[in-house]
Amino acid sequence: MDGREFIVRRIAQEFKTGDVVNLGIGMPTKVANYIPEGVEIILQSENGMVGMGPAPEPGKEDGDLINAGNQPVTYLPGAAFFDSAFSFGIIRGGHVDCTVLGALEVDQEGNLANWIIPGKMVPGMGGAMDLVVGARKVIIAMEHVNKKGEAKILKRCRLPLTAQNQVNMIVTEMGVMEVTPEGLMLTEIAPGLSIEDVQKATEAEFIVSPELKVVFGDQELAA
Amino acid sequence: MCKLQEMNKALEPLKNGTTVMIGGFMGVGAPHTIIDALVEKQLKSLTVIANDAGTPGNGIGKLVENRQIDNLVASHIGLNPTAGKQMNNKEMAVDLVPQGTLAERIRAGGVGLGGVLTPTGLGTIVEEGKQVIESDGKKYLLEKSMKAEVALVKAHKADQKGNLIFRQTARNFNPLIATAADYVVAEVEEYVDDQYLAPDEIHLPGLFIDAIVLSKKNDAETC
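Protein chains in written order, with this note's numbering: chain E, -13 to 209; chain H, 8 to 230.
The hints are simulated quantities; they were obtained by calculation from the structure and are not laboratory data.
Remember, it's a predicted structure, so these values are computed and weren't measured experimentally.
Keep in mind that the hints are not guaranteed to be accurate.
[Said to hold, decoys possible] Within a straight-line C-alpha distance of at most 25 Å, the following computed DMTMM-like cross-link-like pairs (lysine to aspartate or glutamate) qualify:
1) 141/E x 196/H
2) 69/H x 159/E
3) 224/H x 47/E
4) 224/H x 196/H
5) 145/H x 168/E
6) 2/E x 48/E
7) 145/H x 95/E
8) 224/H x 48/E
9) 146/H x 168/E
10) 123/E x 196/H
Use the sequences and the hints to build the structure in full.
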């Protein structure tokens, strides 16, 4: 299991049956592949649907049916379609239980930067600002450090923010951190790593949960 | 009153410099036949309000590549590298708006509201130059409503009254923009000229629609 699969598998354990979930583009989309058996979540897509299903078989794509990342999808029995204002009403109105998004930077205050690198990358915020403000729980799925090996979990975000103080949980290949009133807290650590390993890869100050667990420590995982 | 028209007649109110809202999400639910006609008409200096800049060679992407847009208001331009280049070269001004805020500003424009109060964008560069208003102890940004001279809508079905039914995720911004412009053209795949759509199934009442044009591959007779 590579780091990215580790991350999305761990996040997939956060849901319970009936949760309305919006998965961001890229790695977060893959969380849907690892939802535990017996748990049925409802996927919301901000371009206007609930009840989104998996990608269609090749040749069965429908030109009117995509996810927010412009990929062909299907809809499940019980799905519904609606316009963009209604869709963001669902999001901003607190009717989405959880959103999972990637990040360029996240900090110990729960601030998130994931939409712009001035002078380099300007794709636009799309629906990310609304999702992060509106969803009841915000989980960040990302690799612990960037491609240059630099920390992405910072004392204070340096890039322009997507939203202030909205992140609840960060899941990386090194473990799980939660933003708590006491500060950023390491609650789970990847098998084989020490707290020092995590500290070296993290700029933010964090506290260690007195009940620190090993990720997947209580279950057998098929390799 | 018959609203079905030849393309040229339907697009007569569009001039160089017109402010136009265009439906669609990454080209899904965009009025492709109308966009092709706009490329042919070679209108210049348009202000376009839409979710995104389309993708290369697709949807609004064609107008970008043909350098017909001076100002673009959108939530996302990342899937069209030409739009990013034109923005960086200052050939096209791009105003990035959070997707939910864009939808709601258009909705507000269509329903007679001066603006909306949203938590989206607080503490980010979206807040710059905007009024922060406190209501019941919570902070919000005042986002002003938005209108346009023309809206170009794509629907699945229309009847002779202009009543519209959209299909799946092709609905997105289409019903919203139809309410917020002085003149509205709907491109439709199916035109029901000998009967009316069932009133309970209509997504948008025909009173908003000034002209209907047909998507390519449809040969119903215009009036």
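Hint by hint, here is what the structure shows:
1. 141/E x 196/H: violated (54 Å)
2. 69/H x 159/E: violated (41 Å)
3. 224/H x 47/E: Judged against 25 Å, a Cα distance of about 20 Å means the pair holds.
4. 224/H x 196/H: Holds: residue 224/H and residue 196/H sit about 8 Å apart, inside 25 Å.
5. 145/H x 168/E: Distance ~23 Å between residue 145/H and residue 168/E Cα, so the pair holds.
6. 2/E x 48/E: violated (30 Å)
7. 145/H x 95/E: Cα-Cα ~19 Å, so holds.
8. 224/H x 48/E: holds (17 Å)
9. 146/H x 168/E: This hinted pair holds, its Cα atoms lying about 24 Å apart.
10. 123/E x 196/H: Not satisfied, since the Cα-Cα distance of roughly 40 Å exceeds 25 Å.
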